[in-house]
Amino acid sequence: MINRLRKRGRSVESLETNELVSGRALIWLIASFALLLVPQWDRLPVWLMASCAVLAGWRWLAQSGRLRLPGKWLRSGIMLTLVAIYIATVQGRFTVETASSFFVLAVGLKWLETRSVRDFYVLFFILVYLATVNFLFHQEIHWSVINLVGVALLLVGLQVVNAPDIPGAMKSGWRRLGMMLVKTLPIVVLLFVFFPRMAPLWSVPLVSGEARTGISDSMTPGDISSLAQSSERAFRVTFGGETPPYRDRYWRGLILDRLDGETWQQGFGQQFRRPGRVSVDGGVGELASNQYDVLMEPTDQTWAFALEDSRAVSNNVKPDDQGLFRFDRPADSSVRYRMAIVDDGSSGQFGAVPDNAQRYLQLPRSGNPRAREFAEDLAAEYDNPGAIVQHLLDRFRQQEYFYTLRPPAMPEDGIDALLFDEKRGFCAHYAGAATFVLRAAGIPARVVVGYQGGDSGADDEYLIVRQYDAHAWVEAWLPGQGWVRMDPTAAIAPQRIESGLRDAMAEEGSFLENDWTSPQRYGDMAMLQWASLQLDRMNYHWQRWVVGYQGQSQMDLMSRLPGGLGMRELGYITAGIVGVGLLLAGLVNAWQYRRFESRDPFSRIVTRWHRLCDRAGVPVRHGETPSQLAFRLSRAKPAAAGTATAFARMINKHYYGREFETGNSAELGRMKRLLATMKRQADRKQQGE
Amino acid sequence: MFKVIRNRWQHWVNKRIPRSDQRSFGQRNIFILPTGAGVVFGVLLLIMLITGINYQNSLIYLLTFLLSAVVVAAMHQTHRNLSGLELTLIQAGEGFAGDVIPFRLRAVSPRHDTLALSLACDDVVLNQQHIPAGQQADLNLSVPSQHRGYLQPDRILVETRFPFGLFRAWSWLRPVTSGIVYPNPVPAPDVTSTVQDGEEQSKSRSIDGNDHADIRPWREGDMSQRVQWKRYARTGEMVIADWEGEQGSPHWLDYEAFSGLDRELRLGYLAHQVLERSRNNSRFGLNLPGQVIEPDTGAAHANRCLKALAVFGLEQPREGGPLPHGTRTGEGAGHAIPASGRGAA
Numbered sequence: 016m017i018n019r020l021r022k023r024g025r026s027v028e029s030l031e032t033n034e035l036v037s038g039r040a041l042i043w044l045i046a047s048f049a050l051l052l053v054p055q056w057d058r059l060p061v062w063l064m065a066s067c068a069v070l071a072g073w074r075w076l077a078q079s080g081r082l083r084l085p086g087k088w089l090r091s092g093i094m095l096t097l098v099a100i101y102i103a104t105v106q107g108r109f110t111v112e113t114a115s116s117f118f119v120l121a122v123g124l125k126w127l128e129t130r131s132v133r134d135f136y137v138l139f140f141i142l143v144y145l146a147t148v149n150f151l152f153h154q155e156i157h158w159s160v161i162n163l164v165g166v167a168l169l170l171v172g173l174q175v176v177n178a179p180d181i182p183g184a185m186k187s188g189w190r191r192l193g194m195m196l197v198k199t200l201p202i203v204v205l206l207f208v209f210f211p212r213m214a215p216l217w218s219v220p221l222v223s224g225e226a227r228t229g230i231s232d233s234m235t236p237g238d239i240s241s242l243a244q245s246s247e248r249a250f251r252v253t254f255g256g257e258t259p260p261y262r263d264r265y266w267r268g269l270i271l272d273r274l275d276g277e278t279w280q281q282g283f284g285q286q287f288r289r290p291g292r293v294s295v296d297g298g299v300g301e302l303a304s305n306q307y308d309v310l311m312e313p314t315d316q317t318w319a320f321a322l323e324d325s326r327a328v329s330n331n332v333k334p335d336d337q338g339l340f341r342f343d344r345p346a347d348s349s350v351r352y353r354m355a356i357v358d359d360g361s362s363g364q365f366g367a368v369p370d371n372a373q374r375y376l377q378l379p380r381s382g383n384p385r386a387r388e389f390a391e392d393l394a395a396e397y398d399n400p401g402a403i404v405q406h407l408l409d410r411f412r413q414q415e416y417f418y419t420l421r422p423p424a425m426p427e428d429g430i431d432a433l434l435f436d437e438k439r440g441f442c443a444h445y446a447g448a449a450t451f452v453l454r455a456a457g458i459p460a461r462v463v464v465g466y467q468g469g470d471s472g473a474d475d476e477y478l479i480v481r482q483y484d485a486h487a488w489v490e491a492w493l494p495g496q497g498w499v500r501m502d503p504t505a506a507i508a509p510q511r512i513e514s515g516l517r518d519a520m521a522e523e524g525s526f527l528e529n530d531w532t533s534p535q536r537y538g539d540m541a542m543l544q545w546a547s548l549q550l551d552r553m554n555y556h557w558q559r560w561v562v563g564y565q566g567q568s569q570m571d572l573m574s575r576l577p578g579g580l581g582m583r584e585l586g587y588i589t590a591g592i593v594g595v596g597l598l599l600a601g602l603v604n605a606w607q608y609r610r611f612e613s614r615d616p617f618s619r620i621v622t623r624w625h626r627l628c629d630r631a632g633v634p635v636r637h638g639e640t641p642s643q644l645a646f647r648l649s650r651a652k653p654a655a656a657g658t659a660t661a662f663a664r665m666i667n668k669h670y671y672g673r674e675f676e677t678g679n680s681a682e683l684g685r686m687k688r689l690l691a692t693m694k695r696q697a698d699r700k701q702q703g704e
Numbered sequence: 018m019f020k021v022i023r024n025r026w027q028h029w030v031n032k033r034i035p036r037s038d039q040r041s042f043g044q045r046n047i048f049i050l051p052t053g054a055g056v057v058f059g060v061l062l063l064i065m066l067i068t069g070i071n072y073q074n075s076l077i078y079l080l081t082f083l084l085s086a087v088v089v090a091a092m093h094q095t096h097r098n099l100s101g102l103e104l105t106l107i108q109a110g111e112g113f114a115g116d117v118i119p120f121r122l123r124a125v126s127p128r129h130d131t132l133a134l135s136l137a138c139d140d141v142v143l144n145q146q147h148i149p150a151g152q153q154a155d156l157n158l159s160v161p162s163q164h165r166g167y168l169q170p171d172r173i174l175v176e177t178r179f180p181f182g183l184f185r186a187w188s189w190l191r192p193v194t195s196g197i198v199y200p201n202p203v204p205a206p207d208v209t210s211t212v213q214d215g216e217e218q219s220k221s222r223s224i225d226g227n228d229h230a231d232i233r234p235w236r237e238g239d240m241s242q243r244v245q246w247k248r249y250a251r252t253g254e255m256v257i258a259d260w261e262g263e264q265g266s267p268h269w270l271d272y273e274a275f276s277g278l279d280r281e282l283r284l285g286y287l288a289h290q291v292l293e294r295s296r297n298n299s300r301f302g303l304n305l306p307g308q309v310i311e312p313d314t315g316a317a318h319a320n321r322c323l324k325a326l327a328v329f330g331l332e333q334p335r336e337g338g339p340l341p342h343g344t345r346t347g348e349g350a351g352h353a354i355p356a357s358g359r360g361a362a
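Top line first, the protein sequences correspond to chains A and B. Here the first sequence is numbered in this note's numbering, starting from 16 and rising by one per residue. Here the second sequence is numbered in this note's numbering, starting from 18 and rising by one per residue.
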């Protein structure tokens with residue numbers, strides 16, 4: 016009986032990528048998406064996060080058959096709705112937040128039409144770039160790990176999509192990816208070190224619409240007390256020599272010299288902001304004993320913080336005419352800069368009074384009559400400005416003034432109320448009031464805003480200055496002395512200046528009272544403090560050596576290598592690394608191929624047999640089957656006829672036999688014995704001749 | 018212009034990959050290029066690098082370098098996935114015109130797993146074949162047939178995109194052995210008229226039949242008495258002499274019975290008749306110009322007749338000789354020997 020043969024292919028499908036993506040692969044994509052959204056949680060609007068969760072969930076339920084994917088109309092409806100919400104909330108602002116929201120929105124919408132392998136790849140590309148974008152916002156070590164794991168999930172998912180039905184795909188996928196990473200890690204590290212860190216090809220500001228925690232360029236009493244509730248990091252400092260004592264750690268940031276009603280503002284010299292980005296690393300090599308390195312968190316502002324009597328060492332900060340330091344551009348990512356302390360005290364002489372005395376004597380036309388009267392009395396009493404300052408400080412010290420994070424509301428004539436009635440306030444209140452009185456008494460004065468203090472990091476390696484260290488104080492111009500610091504807070508609450516806000520607020524219990532999650536709040540828990548400091552140290556080194564490895568750091572490292580490598584040499588080295596890497600990979604591959612080839616026991620035996628035939632005077636001919644060769648061998652050496660035929664049969668059986676009959680060690684052993692016998696037989700005959 | 022390049026390429030590939038039923042894939046015959054997705058990914062890496070440069074972001078540099086390195090590693094992985102694979106055509110199938118003809122291929126991957134392998138011949142694709150290291154798998158590729166005759170696939174594409182689908186490594190197997198496609202059976206108009214007068218036929222045949230025997234290779238089922246042992250001693254080939262004229266039954270299927278008709282139609286009629294006879298289990302012989310098959314019964318006989326009909330008037334396609342196992346070709350002995358390798362267990 017002959018029946019028509021039916022097609023028996025296991026699965027006849029198209030090779031093209033329009034086949035459906037399998038659920039196993041999809042779950043990896045969804046997991047990676049979820050993970051890559053985590054670093055975005057504080058930037059994305061809630062509605063967008065929720066829609067993404069719903070859309071991805073919908074896709075997953077559709078995969079498992081519990082829901083149907085929306086049809087064309089419903090899909091368009093959903094898309095239009097979400098885009099409309101997006102446009103309504105964005106309102107034409109273009110910031111990195113809106114851009115990355117749009118990105119995430121695109122991914123979310125794509126879920127509903129991820130059907131084919133091609134769609135999978137589109138999502139793969141978008142998600143890889145989402146990971147890239149995440150690195151723009153978060154560079155801490157834990158966020159980096161999350162990002163890299165997200166990308167790894169994608170790469171495992173790709174393997175699953177390319178071979179959905181192999182058993183243990185997940186385990187082997189991870190192992191394969193791990194092997195690839197281990198093998199390529201040396202090259203990656205070399206590239207990271209040597210790839211020339213070029214200057215930006217074109218300037219792209221990282222415009223952020225998000226308000227950052229930090230001091231601002233105006234001060235209404237009460238502003239800084241809200242900052243005092245935040246334990247976010249402002250900057251970290253490493254000193255080359257001795258760390259200065261706590262009370263001398265005045266980090267000057269900016270000067271507020273214009274009083275407008277109740278608000279102190281920057282009066283003049285407001286620089287035009289150029290778009291673009293600040294050079295994010297500065298200062299290289301060993302720190303000299305009078306130098307210090309500041310690693311500042313992004314502020315989106317141009318000001319840098321420095322101790323008094325400092326001079327800029329790295330060239331990404333520039334001094335201005337008030338003795339402050341400025342970046343060229345807003346610091347939209349963490350920035351490192353280096354300063355040096357100069358002891359000659361010359362920096363205090365900036366801003367000669369005759370030119371702009373008016374500027375530091377400015378007061379509103381009216382308001383706070385009692386303070387003005389008090390100032391005039393002082394001016395009349397003392398002819399020496401230094402004595403007025405001293406009197407004011409003594410007043411703060413001796414009278415019942417309180418330093419508090421919970422000052423009463425002082426809506427009208429706040430300075431009068433603070434000085435003569437309530438006598439309760441925070442540093443901003445006292446600094447403002449003191450400046451007011453000095454100016455009213457005819458002494459040029461200004462409010463300085465910055466930070467004071469800083470806690471030690473792990474093992475006292477560096478200082479951590481946090482937002483609650485924000486502070487405001489006064490500088491007065493004294494003839495012959497120049498600008499002199501005068502801090503009313505030091506007179507009222509010396510603990511604040513000696514050991515920080517925590518101790519100053521110990522009685523009141525208001526330190527970080529609204530911030531339950533901050534480890535700094537629980538200063539008495541040693542384990543927690545230790546863990547938090549260790550984590551901070553890890554991040555600090557990560558930021559300094561990995562994240563901060565940019566142009567200058569690279570140049571510094573390279574200049575220590577013999578030969579003094581420049582940008583051009585680095586380019587050559589990079590090209591060399593890539594070339595050698597590729598070549599090495601190719602060679603290793605080829606070598607493994609050869610080595611294995613000669614190792615295959617079966618072909619080795621066959622080769623040995625061929626050699627035997629050669630010696631017996633029967634060279635192998637082109638296109639000869641094993642049986643034919645055996646036949647010719649048996650004619651040349653009749654003694655070996657039986658073994659040769661059997662051997663040839665075994666070769667044939669090896670290739671054409673059924674799977675389970677061949678390829679075991681027993682077969683190999685038998686072949687080896689046969690070959691040995693054959694050899695004996697062939698040799699014996701030779702001797703006989 | 019495009020066609021010229023294509024032809025040249027085809028020619029070059031054919032020279033590089035000669036026809037053989039057995040091929041071991043290695044550096045010499047594997048081609049590898051990025052897929053569309055691979056090209057897009059390359060562009061994406063470039064964009065990432067520019068992002069890293071413009072934002073002076075070390076971590077983006079790091080991610081870019083990591084992914085680039087993974088891409089290079091993936092390229093080698095894809096290549097290695099195919100390299101070392103041995104593919105042998107162990108059986109070329111038979112069937113009727115218009116059916117799919119199964120080609121049985123044995124894949125052995127001695128060194129490492131070969132995953133997500135696809136075989137393709139023309140429009141037929143066999144996807145997602147996994148051959149674990151040191152094991153062998155038999156793959157069935159169904160090749161569609163259109164006409165009767167020899168079915169020799171010009172190229173069987175062997176391809177893999179594993180692990181990431183960013184690269185595509187491929188090669189071809191260009192088999193020597195052909196499948197056989199029987200003529201499509203067509204019901205004959207008048208069956209009885211084809212029956213010949215047995216007496217006369219047998220006489221005339223036995224006269225000249227004694228002179229020249231039909232020599233053919235030994236097949237399973239042939240009686241040992243018919244083997245030409247002398248010839249075997251001389252050449253090592255087992256051949257059978259089909260002596261004509263030892264037929265018994267007068268049931269002949271004759272090509273000449275449908276004189277005046279188109280050749281293909283005649284063969285179709287004959288095929289139908291063979292099937293019918295076979296189904297009735299009746300004894301019949303086949304008479305084709307230049308070839309006579311003695312009357313007999315049984316499936317093997319029917320098969321033989323159908324084969325004769327299939328290749329009637331056709332030359333066996335042949336391009337370059339096959340390279341049987343255990344052949345040494347000069348220098349590259351190691352390569353010609355199929356490294357089978359199921360490995361010492």
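Incorrect hints may have been included.
One side only, chain B facing chain A, incomplete, derived with CB under 7 Å [claimed, not checked]:
(1) LEU79
(2) PRO149
(3) ALA250
Here are the computed lysine-lysine pairs in the DSS-like style, where the Cα-Cα straight-line distance is at most 30 Å [claimed, not checked]:
(4) A:LYS198 x A:LYS125
(5) A:LYS125 x A:LYS87
(6) A:LYS694 x A:LYS668
(7) A:LYS694 x B:LYS247
(8) A:LYS668 x B:LYS324
(9) A:LYS198 x A:LYS186
(10) A:LYS687 x A:LYS668
(11) A:LYS668 x B:LYS20
(12) B:LYS324 x B:LYS247
Derived from the structure by calculation, the hints contain no laboratory data. As the structure is a prediction and not an experimental result, all values here were calculated from the model. Using N, Cα and C, we set each Cβ at its ideal position, and we do this for glycine too.
Determine which of the earlier numbered hints do not hold for this structure and return their numbers in increasing order. Violated: hints 2, 3, 4 and 11.
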